[in-house]
Amino acid sequence: MKREILEQLQADRAEQRPVVLATFLKTGEQRLLYLVGKKGLKDIDPRIGEAARAALIEDKPRTIETEKGPLFLNVFNPPLRLILVGAVHIAQALVPMAQLAGYEVIVIDPRSAFGSIERFPGVQLSNDWPDEAMEKLRPDLRTALVTLTHDPKIDDPALIAGLKSDVFYIGALGSKKTHAARIERLTDAGFEVDDFARIHGPVGLSIGAKSPAEISISILAQMTAALRQPAASASSAAA
Amino acid sequence: MNSEPMTDVSADILATALDWKQAGKGVALATVVTTWGSAPRPVGSQLAVDDEGKFIGSVSGGCIEGAVVTEALDAIADGKPRMLDFGVSDAQAWEVGLACGGKIQVYVERLDS
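Sequences listed follow chains A and B, in order. At position 73 of the first sequence the residue is numbered 73 (the working numbering), and the sequence of numbers has no breaks. Just add 1000 to the spot in the second sequence (first one is 1) and you have the working numbering.
Because the hints were derived from the structure by calculation, they are not lab data. All C-beta atoms, glycine included, are put in the ideal place defined by N, C-alpha and C. Wrong hints could be hidden among the right ones.
[To be verified] The calculated PhoX-like cross-link candidates involving lysine-lysine, where the alpha carbons are at most 20 Å apart (straight line), are:
1) A:K2 / B:K1021
2) B:K1103 / A:K60
3) B:K1025 / A:K2
4) A:K153 / A:K136
[To be verified] Covered, in the sense of this in silico footprint (three residues per stretch, anywhere, with C-beta under 8 Å from a C-beta of chain A), are these stretches of chain B:
5) 1029-1040
6) 1069-1075
7) 1103-1112
Model the full assembly from the supplied sequences, consistent with the hints where possible.
Right under this line is the structure:
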């Protein structure tokens, strides 16, 4: 391995950029592969690009056969993140559960009475409006977004930013009626059916959850399915 | 067994490899590229070795590290990447203290300037 490749890889990791290190195992030739937008990798054999993207999404390294022999794709993903919009009662239960499940949690609420250090000790808090906060956070493939306020003024800008990004999960709290109204607003904002299929609303698996803790379990379970079984999860979100 | 890539740990390993290199040492990296059966460390796990045989990280539960370090020193000397195959029958695995058998393939490469 060339030192400059390792230096670049470490720089990517420091900036939380998902990257694949591709190594031709016969020759030792290497290069770093990056995701470009939502579609895949540029300037590379599409088959290799596709495999590298799948490796990143599944967070699983793999070897594929190529004309130049076996190619090992090692995955360097940033940590999992959960962005919660709405420092509400459910958030207080969901934060520690998600942290236990390995997520770095960020809570956004422009209402400083909600998003206060007293209510969320030791949690990364933002009192910016969600569109500004999301822009700073640069959500990626390893990020889940959950909106909990039911307030369109606060939830919608976050959902719009989420839909424009690569986040692996979007969940929005609210009844079916609330969700239908939400979809109407998002349609007016220029989004389409494919986009709505990415939003889990009402959020969470249907397990009859009542308390904030139970609702948090249902949300975290659905996030886990989206992370670990993306294909199955997408079809259930569309249903 | 947890099969998650240990990304936080591998950051330390790569950072250490770079530190060693910057200090003027010879350095090699070993990476698990394939596993069969119940392997102790998942694909992608890494180990960095310096030219004195000091190492950080892990490519197995400990039973093959010695052999990997020896090969890594050879790679530092000749600059050629190599692929190492380790297979452990269940009986052998028991002898060396491994709870499970399995096979792994480890790619060893020198960190060049």
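A quick look at each hint next to the structure:
1. A:K2 / B:K1021: holds (11 Å)
2. B:K1103 / A:K60: holds (18 Å)
3. B:K1025 / A:K2: holds (14 Å)
4. A:K153 / A:K136: Roughly 19 Å between the alpha carbons, so the hint for K153 (chain A) and K136 (chain A) holds.
5. 1029-1040: holds (count 4)
6. 1069-1075: Contact hint for the segment 1069-1075 of chain B vs chain A: violated, 0 residues under 8 Å.
7. 1103-1112: holds (count 5)
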